[in-house]
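Novice: Residue numbers (the working numbering), protein chains in the order written: chain L, 213 to 629; chain B, 292 to 653.
Rather than coming from a laboratory, the hints here were simulated on the basis of the structure.
Warning: the hint list may mix true and false statements.
Stated by the list, open to error - Only pairs whose alpha carbons sit at most 20 Å apart, straight line, appear in this in silico EDC-like list of lysine to aspartate or glutamate:
no., chain 1, residue 1, chain 2, residue 2
1, L, 543, B, 390
2, L, 234, L, 224
3, B, 473, B, 461
4, L, 440, B, 309
5, L, 281, L, 297
6, L, 284, L, 272
To be verified - Partner residues are not named here, just some residues of chain L that face chain B (Cβ under 10 Å, in silico):
no., residue
7, 393
8, 519
9, 523
10, 525
11, 527
12, 532
As the list claims (entries may be wrong) - The following label-pair restraints were derived from C-beta to C-beta distances:
no., chain 1, residue 1, chain 2, residue 2, range
13, L, 607, B, 365, 52 to 62 Å
14, L, 433, B, 350, 17 to 27 Å
15, L, 457, B, 316, 17 to 27 Å
16, L, 425, B, 309, 30 to 40 Å
17, B, 463, L, 230, 40 to 50 Å
18, L, 520, B, 604, 42 to 52 Å
From the three backbone atoms N, C-alpha and C, an ideal C-beta is built for every residue, glycine too.
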Amino acid sequence: MSSETQKILTTDGIPLEVSLKKAEKKNKIKAFLLVCPLLLFIIITYIFPIGEMFSRSIDDRMITNMLPKTFKAMETWDGKELPPEEVFASFLADFRVLAENKEHGKLGQRLNKEKNGFNTILKKLWRKMKKFEEGNAKEQIMEIHKRFRDVKYWQAIKRTAPPYTMAKYLKGMDMYYDEDGNVVQVEEDRRIHRILWLRTLEVAFFVTLFCFLMGYPIAHLLATLPMKYSNLLMICVLLPFWTSLLVRTASWMILLQQQGIVNDFFVFIGLVADDNRPEMMYNKTGTYVAMTQILLPFMVLPLYSVMKTISPSLMRAGKSLGGTPFVTFWKIYFPLTIPGIGAGCLLVFILAIGYYITPALVGGASGTLISNQIAYHMKATLDWSFASAMGLMLLTGVLVVYWIYNKLVGIDNIKLG
Amino acid sequence: MAKNNEFVKFDKVDKSYDGKVLVVKDLNLDIAEGEFITMLGPSGSGKTTCLMMLAGFETPTNGEIYLDGNPISNIPPHKRGIGMVFQNYALFPHMTVYENLAFPLKVRKFSKDETDKKVEKALSMVSLSDFGSRMPAQLSGGQQQRVAVARALVFDPAVVLMDEPLGALDKNLRESMQYEIKHIHESIGVTVVYVTHDQSEALTMSNRIAVFNDGKVQQLSSPDKLYEEPVNSFVAEFIGENNTFQGEVVDISQDKCKIKLDSGNEILANPIRVKSKGEKSIVSLRPERAIIDPDEKMDNKFKGKIEEVIYHGDHTRVRLDLLGNKEFILKVPNSSARMDIKLGNEIKIGWNSFDARALDPK
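Build out the structure end to end from the sequences listed, making use of the hints.
Specialist: Okay, here's the thing in structure tokens:
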């Protein structure tokens with residue numbers, strides 16, 4: 213059939229397909245030029261930084277550049293017994309260059325992270341190597357310290373040879389390479405990141421749940437009320453959108469603090485004693501309350517736009533056919549809102565999982581999330597590669613959520629309106 | 292089974308939405324069991340409100356509705372057992388045709404076998420037996436409409452309400468659906484309350500028609516009576532085509548009255564709503580009841596000038612200037628005998644005074 217269609221000619225004798233392409237070419241170019249600015253913008257502000265982040269998070273080229281000859285010589289070494297003379301000679305040559313540039317200290321620190329004791333023996337090597345004779349590097353180096361005679365130290369150097377490392381990612385999961393190159397977990401009382409990941413997931417999950425439970429009735433009301441009331445209600449829902457995030461978070465601080473309005477009210481109605489006011493801020497409660505309020509519109513709006521499209525006659529039909537109000541809601545209305553629920557939950561969950569400013573302000577020690585840890589490493593410890601690694605892990609997490617959602621509900625089932 | 296003539300009974304029902312305007316005023320309507328009754332009227336006349344009150348989606352402001360002798364105002368819609376076909380079909384879009392039909396049976400806890408049997412029967416009734424596994428979106432408008440009808444009937448309701456169910460269909464499909472619904476009604480004998488603003492639909496399908504205007508039933512009668520013998524000028528003008536003359540009664544006897552028109556001429560008419568001399572009246576005459584070249588027995592004979600001729604294939608519509616009415620319409624059957632119908636010609640027109648109904652002046 214396709215061969216037949218190819219034979220169709222226009223009145224001028226040009227094949228139809230060619231003619232069609234020619235006719236549409238201009239439009240295609242025009243369309244491409246129109247999206248071009250946005251495409252460039254996305255590449256520059258999104259794709260490129262993520263790529264940069266990724267390369268930074270695995271970058272381990274510093275040491276690769278410090279010991280070029282050694283790593284070259286080590287390529288043929290099997291790594292089981294002590295390396296041959298060639299490796300020792302290359303290492304000595306590399307080390308001499310570093311010593312001249314006064315960078316040998318950095319090498320010591322870096323290798324010490326890989327295996328304890330490197331710093332000491334390299335300092336010793338630096339002192340002794342001035343008296344070295346030409347040739348026979350292996351023997352002379354091994355003379356200096358017994359650790360140079362230990363194959364494990366040479367294996368540690370070889371491990372640093374690749375220009376990349378997954379160490380930062382392991383650190384993000386409270387794991388590290390031990391001296392033998394095995395992946396092990398840190399001691400239990402130092403597993404801070406894992407707690408933060410779990411807490412982030414927990415907070416995101418519950419904030420999504422609370423938003424859903426509160427947003428669903430509001431959205432339903434919005435979609436069914438007559439226009440003049442629903443507009444007013446819509447403004448109430450959107451008002452938080454138009455208020456600065458900081459102002460909103462600050463107002464929650466005023467409300468929730470121990471001497472705050474909510475606590476005053478609890479004391480006033482006799483719910484709690486004046487000297488035993490509950491802490492509702494600087495912990496997880498504060499994070500839950502503030503984040504739920506801030507993210508609520510992201511749940512309400514997709515739900516509303518989907519509910520708006522559901523004809524009220526469907527509910528009437530359900531009832532006239534004998535369904536009780538609950539059955540009618542559950543079997544007819546609810547299934548039709550699933551695209552909105554999916555969109556709203558996904559939106560809120562993804563926003564919540566990376567939320568930064570609210571937990572930073574009202575979260576306290578037990579309410580901070582992984583994003584606060586990332587910010588801490590960006591600003592305080594300046595360990596950007598670690599921050600990048602955790603950022604990418606967060607991104608991967610979001611993509612996994614997206615993937616699971618796609619498997620369970622189907623992404624084309626999302627509807628924002 | 293004795294036929295119950297008051298199967299559905301509206302008893303002095305009023306309905307107001309805002310407490311200021313009555314959309315339904317003092318409605319009294321009895322619907323017999325197995326009857327096909329149509330509520331016909333222009334939009335805003337209160338017919339849909341009546342249907343919604345019967346279905347239970349609106350409550351009467353005053354009065355009571357009885358179903359088979361029981362008051363139903365306080366019964367929620369899902370317990371009334373009334374089937375309903377909606378204007379936009381209201382098929383559940385996330386369910387297959389089978390599931391749509393099974394819904395009323397499932398909520399009534401029918402067994403799987405019974406459900407299958409009833410759904411199959413209902414689908415074959417609307418000749419859609421092979422469509423059970425389709426989704427509503429995969430059906431054409433007419434098929435969706437038939438599914439909606441089948442769904443409203445599948446649980447054997449005592450009454451089925453239809454709210455302009457054919458409004459969204461094109462003309463040909465609408466006509467064939469009219470017959471189909473009529474046949475279904477005849478074969479299963481269910482009571483149908485049908486709402487429409489399309490008079491030809493009402494005339495085709497109904498046993499009786501209730502013409503609504505301004506929240507009131509203007510006339511309740513069979514289609515032929517409604518057309519032939521409208522009781523007031525609203526019904527006369529709403530149903531079918533109509534020629535009217537305005538005037539004043541100058542003489543009246545048992546079955547004839549003399550009306551002096553605004554143009555000064557006098558015509559004889561059948562006094563329906565006029566009782567005494569001096570009353571204002573609108574005289575209504577169906578176009579097909581006036582003929583050209585009347586015979587001697589006719590008691591109304593006048594001359595009119597042809598203003599416009601419109602060719603309609605099987606007949607020709609002629610607009611005349613007659614007795615000061617420039618909108619007088621005449622329907623002339625297509626035959627070779629009448630070749631003198633030309634613009635500007637004068638022709639003789641006549642009708643029997645019995646067919647000219649002197650009605651209220653609006």
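Novice: Hints first: check each against the structure and report whether it holds.
Specialist: Each hint, compared with the structure:
| no. | hint | in the structure |
| --- | --- | --- |
| 1 | 543(L) <-> 390(B) | holds (11 Å) |
| 2 | 234(L) <-> 224(L) | holds (14 Å) |
| 3 | 473(B) <-> 461(B) | holds (18 Å) |
| 4 | 440(L) <-> 309(B) | holds (16 Å) |
| 5 | 281(L) <-> 297(L) | holds (13 Å) |
| 6 | 284(L) <-> 272(L) | holds (17 Å) |
| 7 | 393 | violated (55 Å) |
| 8 | 519 | violated (14 Å) |
| 9 | 523 | holds (6 Å) |
| 10 | 525 | holds (4 Å) |
| 11 | 527 | holds (9 Å) |
| 12 | 532 | holds (4 Å) |
| 13 | 607(L) <-> 365(B): 52 to 62 Å | holds (59 Å) |
| 14 | 433(L) <-> 350(B): 17 to 27 Å | holds (22 Å) |
| 15 | 457(L) <-> 316(B): 17 to 27 Å | violated (57 Å) |
| 16 | 425(L) <-> 309(B): 30 to 40 Å | holds (35 Å) |
| 17 | 463(B) <-> 230(L): 40 to 50 Å | holds (43 Å) |
| 18 | 520(L) <-> 604(B): 42 to 52 Å | holds (47 Å) |
The structure does not agree with the numbered hints 7, 8 and 15 stated previously, though it agrees with the rest.
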